[in-house]
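Each chain, written out:
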Amino acid sequence: MTLTDESAPPVEGPQPEARVLRAARRVREANVLLVTALAFVIGLAFGAVLIVVTTPNVLSSWSSFFGHPWATISLTFNTVWGAYELLFCGAIVDPRSLATAFTHSNKANWTTALTPISSTLTYATPLILAGLGLAVTFRTKLFNIGGQGQLIGGALGATLVGFSVHAPGIILIPLEILGGIAGGMLIASIAGLLKAHTGAHEVITTMMLNYIMLNVLVYLLLIAPYQLPGESQGESKFVLPAGQLPLLLGWLSNTLQVNLGIVIALVAVAVVSWFLNRSTAGFEFQVVGENPEAARTAGINAKRVIVAAMCISGALVGLAGMVQVTGIDHSMTAGYGGTIGFDAITVALLGRSKPMGVLLAALLFGGLQAGGHHMQIYSPTNIDYSLALVIQAVIVFCVATPALVIALFRLKVSGEAAESVTTGGWGS
Amino acid sequence: MRLELRGITKRFGPLLANSDVNLTVEPGEIHCLLGENGAGKSTLMNVLFGMLTPDAGEVLIDGDPVAIRGPSDAVAHRIGMVHQHFMLVPVFTVAENVVLGFEPVHPWPVLDHKGASEEIRRVSRQYGLDVDPEATVENLPIGMQQRVEILKALDREAEVLILDEPTAVLTPQETEALFVIMRSLTSQGKSVIFITHKLKEVLAVADRITVMRLGAVVGSTSPSETNEDALAAMMVGRSVNLVVDKEPATPGAVALEATSLYVEDDRGLTAVKGLSVSVRSGEILAIAGVQGNGQTELVEALTGLRPVVSGSIEVEGCDVTGGSVRTTLNAGVGHVPEDRQRHGLVLSMSIADNLVLDLQHDAEFSKLGTRNLKAVRANGTRRLEEFDIRARTSQVVVGTLSGGNQQKVVVARELSRPLKVLICSQPTRGLDVGSIEYVHRKIVEMRDAGVAVLFISSELDEVMALGDRIAVMYEGRITGVVPPGTSREQIGLMMAGAPEAVAAGSTA
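Taken in sequence, the protein lines are chains A and B. For the first sequence, numbering that gives the first Met the number 0 assigns the number 0 to the initial residue and increments by one for each residue that follows. For the second sequence, numbering that gives the first Met the number 0 assigns the number 0 to the initial residue and increments by one for each residue that follows.
No wet-lab data here; the hints were simulated from the structure. For glycine and all other residues, C-beta sits at the position ideal for the given N, C-alpha and C. Treat the hints with care, since some could be wrong.
Stated by the list, open to error - To be clear about the criterion: a stretch of chain B counts as covered by chain A if any three or more of its residues have a C-beta under 8 Å from a C-beta of chain A, and this derived list gives those stretches:
#1 16 to 26
#2 348 to 360
#3 366 to 378
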C-alpha cells in the first residue's frame with residue numbers, strides 16, 4: 000500500500016522537505032546509537048550480576064541481607080564499582096597516574112599514564128583492519144567468516160617477506176604490507192571464485208578455509224623456509240628488526256607497544272570510507288549486495304564484483320595479520336591470530352559494517368581487553384579477565400537483537416525507524 | 000447470504016488504506032470492486048478474509064455482526080477467497096489440493112482419496128468447472144489452476160467468493176470461460192466479489208460496481224447506468240484517455256533484428272524456438288501473447304541477460320549475439336524490465352542512485368573512480384521534474400514509492416541514455432491508469448524521435464492501442480504479424496496458438 004506518495008502533493012520547494020528528511024534520518028540514526036548505548040548498559044548490568052554471584056564475600060553478605068542491609072548494598076556497590084573502575088583505568092587512563100605524570104613529569108610516570116591507551120590501541124589495531132575487511136563483504140551481502148584463515152594467510156605473507164628480505168625499514172615495511180595483502184587476498188579469492196563460478200556458499204568455503212589455513216600453518220612452521228632453526232615446537236623465523244613496525248611511543252619506553260600499525264589502520268578506515276561511500280566500484284558492490292538481479296540487468300558484472308569484494312576483504316584481513324606479526328609478535332606460532340578473525344566478525348556487526356562504526360567497535364573491544372587484563376591483575380577480589388569478554392559478548396548479543404533491547408526498555412520507535420533498527424545486523 | 004461491510008477503517012501508520020468503507024453484497028450477485036492499484040481494494044478484502052484487523056467498522060452476515068479474526072473464521076462464515084497468486088501445492092493432485100486442511104478420512108486415519116475425488120467431481124459438475132480431480136496441479140494450465148482454487152473455496156461451502164484480479168493471468172478465451180463459471184455460481188445463489196482494474200470486464204460481467212479511490216468508496220453503479228469513460232473518470236478522478244494519441248509511424252531502417260533465435264529457459268527447456276523478428280527505427284512493434292510463451296526469455300536474450308543457443312541478434316547491423324549486458328546497453332539498447340522491483344531497481348537505494356544505475360561509469364557521474372554525488376543529485380532532481388516522479392526529493396528511497404512512481408524511475412533512467420532500440424517488457428503491469436497513460440506517451444515520444452521500440456505486453460488492449468505492428472507470440476514462436484486494426488477475436492485466437500490465416504478465417 001503506497002497511498003502516501005500518490006496523495007502527496009507534487010514537489011514544491013525541495014529545501015524544507017530536504018530538512019524534514021534529514022531530521023528523519025537523524026532520528027533513525029539516534030535510534031541505532033540508543034540501542035547500542037543501551038546494549039552497553041545491559042552488558043555492564045549483566046557483568047555486575049556476574050561479579051556479585053561469583054565473589055564469595057558479597058554473596059555471603061547477601062545471604063544475611065536483613066541483618067545488615069545497608070552494609071550489603073554498599074559492599075555490593077563497592078565491589079562492582081571497584082571492578083569497573085579498574086576496567087576503565089586499564090582501558091583508557093587512570094586519572095591518578097595522569098595527575099602524577101603532570102606533577103612529576105618524567106618518562107616513567109608518563110609511561111604509566113599512557114600504558115592503558117597504548118594497550119587499547121594495540122589490541123584494537125588488527126580488529127580495525129580485519130573488521131573493515133569483513134565490512135566490505137557484509138555490505139556486498141557476502142558473509143565472509145573466514146577472517147581467521149585470511150589473517151593467517153596475510154601473516155604468512157608478511158612474515159616470509161619480513162625474515163627473508165634484507166633491506167632498510169622504509170623498503171621492507173611496504174614490501175611486508177604487500178606480502179600481507181597478497182596472502183590474505185589469495186585465501187579469500189578462492190572463496191570468491193568458487194562463489195562466483197560454482198555458486199558454492201561463501202559461509203561454508205570461508206569456514207573450511209579457516210581449518211585448512213590453521214593446519215597449513217602448523218605444517219609450514221615445521222619446514223623451510225618458515226621453521227625457526229633449531230626449533231621443533233612450531234615457531235617461525237623472526238621478522239628482521241628493520242621489518243618490525245616502529246613503536247610510536249618507543250622514545251618513552253619500549254613497553255608501550257602501540258606502533259605504526261594503528262596509523263595503517265586509520266589510513267585504511269579513511270580509504271574504505273571513501274571506497275564504500277564515494278567510489279564507483281563501491282556503489283556497484285552495494286548494488287550487487289542489495290539486488291544482484293538488478294545489478295546484472297544494469298550491466299554490472301556481478302561475478303566480477305563478488306570476486307573483487309572477497310579479494311579486497313581478504314587484503315584488509317591479511318593486512319591485519321601483517322600488523323599483528325610485524326608490530327607485536329614478530330614471529331608466528333601454531334593457531335596464530337587466536338580469535339582475532341572471529342572477533343572481527345562481531346566488530347563489523349557491532350559497527351554495522353560502516354567504517355567509522357568498525358573503528359569505534361574495535362576500540363571498544365580493544366578497551367575491554369586491555370581493561371580486563373588490568374582488572375584481573377589489580378582486583379582485590381580476583382575478578383577474572385574473562386568478565387570483560389562476557390560484557391563484550393552481551394553487548395554484541397544485544398546489538399544483534401535490537402528487538403530485544405527495544406522491548407526491554409519499552410522504546411517507542413516509529414515505523415520506518417523500527418525497520419531499520421530491528422533488521423540491522425549485517426550490512427548497512 | 001447477504002454480506003455487509005460497515006464503516007471499515009484501516010490505517011498503516013500515517014497511511015489511511017481504508018476510510019469508512021461501506022459495501023453490501025447481495026446474494027446471487029457479481030459485485031465488482033474497481034479501483035487503481037493502491038486504492039485499498041486488497042486491504043478491504045484482506046479485512047473481510049480476516050488477514051487484517053480493521054481499526055474500526057464491522058462485518059455483518061445476514062444482518063448479524065460477526066467477528067472475523069483469521070482466515071479460518073472467514074471460511075467458517077462461508078467466505079472464500081482466490082488469491083492473485085495461487086496457493087496450490089504443484090506436485091499434489093487436484094483432489095489432494097482441494098481437501099488439504101480438511102481431509103476426509105476413512106473411519107481409520109487414512110486419507111479417503113476416492114471419496115475426495117467423488118466429491119470434487121460432483122461440485123465441479125454442479126458449477127460447470129470441468130476439472131479432473133486426478134490431474135497433478137503443475138501439469139494444468141493457469142486457467143485450470145484457478146478453477147482448482149475456486150473448487151477449494153466451494154468445497155469449504157463458501158457462499159461469498161472473493162476473486163482477487165483473477166483475469167490478470169488469463170487469455171481472453173479463458174477469461175470468457177471464467178465469466179461463465181461466475182454466472183453459474185451466482186445463478187445458484189452464491190455471490191462473487193470480483194476485484195479488477197479492467198473496465199471492459201467490469202461492464203461485461205458485473206451486476207453491481209463499487210469504485211474505490213484513495214481508500215474510500217467514490218461511487219456505486221451498475222453496467223446499465225455507466226460506460227468505460229465514466230468508470231475510468233471515477234477511478235482516477237479525472238477523465239483519462241484510454242486511446243493512445245499517436246500519429247501514424249514513419250519507419251526507417253531496421254534497428255533491431257533477431258534471426259532464428261533459440262533460447263532456453265532456466266530449466267533448460269527451449270523457450271524461444273527459431274523466432275525471427277525485426278523492428279525498424281521509428282516504429283513500435285508490439286508483441287501480444289499470454290505470459291509464459293517465451294516472452295521473458297526472448298527479452299532476456301535480446302538484452303544479453305540470457306545466453307542464445309543459436310541464431311543472431313543485430314543492433315543497427317552490429318552483431319551483439321552472445322555479448323554481455325554491458326555490450327548490449329552500450330550498443331544503444333534501453334531495457335524496461337518485466338519485473339521492475341526484481342530487475343529494474345534497487346529498492347533500498349535512493350531515487351537518485353537508481354537513476355544512474357547503468358550510468359555510474361559515465362563521465363558525468365564518475366571521475367577517477369570517485370562518484371560525483373553532486374551530479375548524481377542534480378540529475379535526480381532534474382529527472383524528478385522531467386518525468387513527474389512524485390517524491391519529495393531525489394534522496395527518497397525507491398522502495399517507499401508507489402508502483403507507478405517506481406516505474407517512472409526505471410523509464411526515466413532508460414530514456415536518459417542515447418537510445419537506438421527500446422525494449423519494454425510489461426511496462427504498465429500493476430500501474431494505475433494515470434501512470435499507464437504516462438508510460439504510453441513516453442514510449443510514443445521515443446518512437447517519434449526515431450527509436451525502434453519493442454513492446455511486450457500480455458494486455459491485449461494495450462498492445463492494440465500502442466503497436467504500429469502487432470506480433471503474436473505463442474509457445475516460443477511468432478504466430479503472425481498483423482496490423483493494429485485486427486479484431487480482438489482474431490488476435491485472441493492467435494494467442495491461443497491458431498495460425499494467422501486460420502484465425503482470420505474463423506472470425507471473418
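Are any of the numbered hints broken by this structure? If so, which, sorted upward? 1
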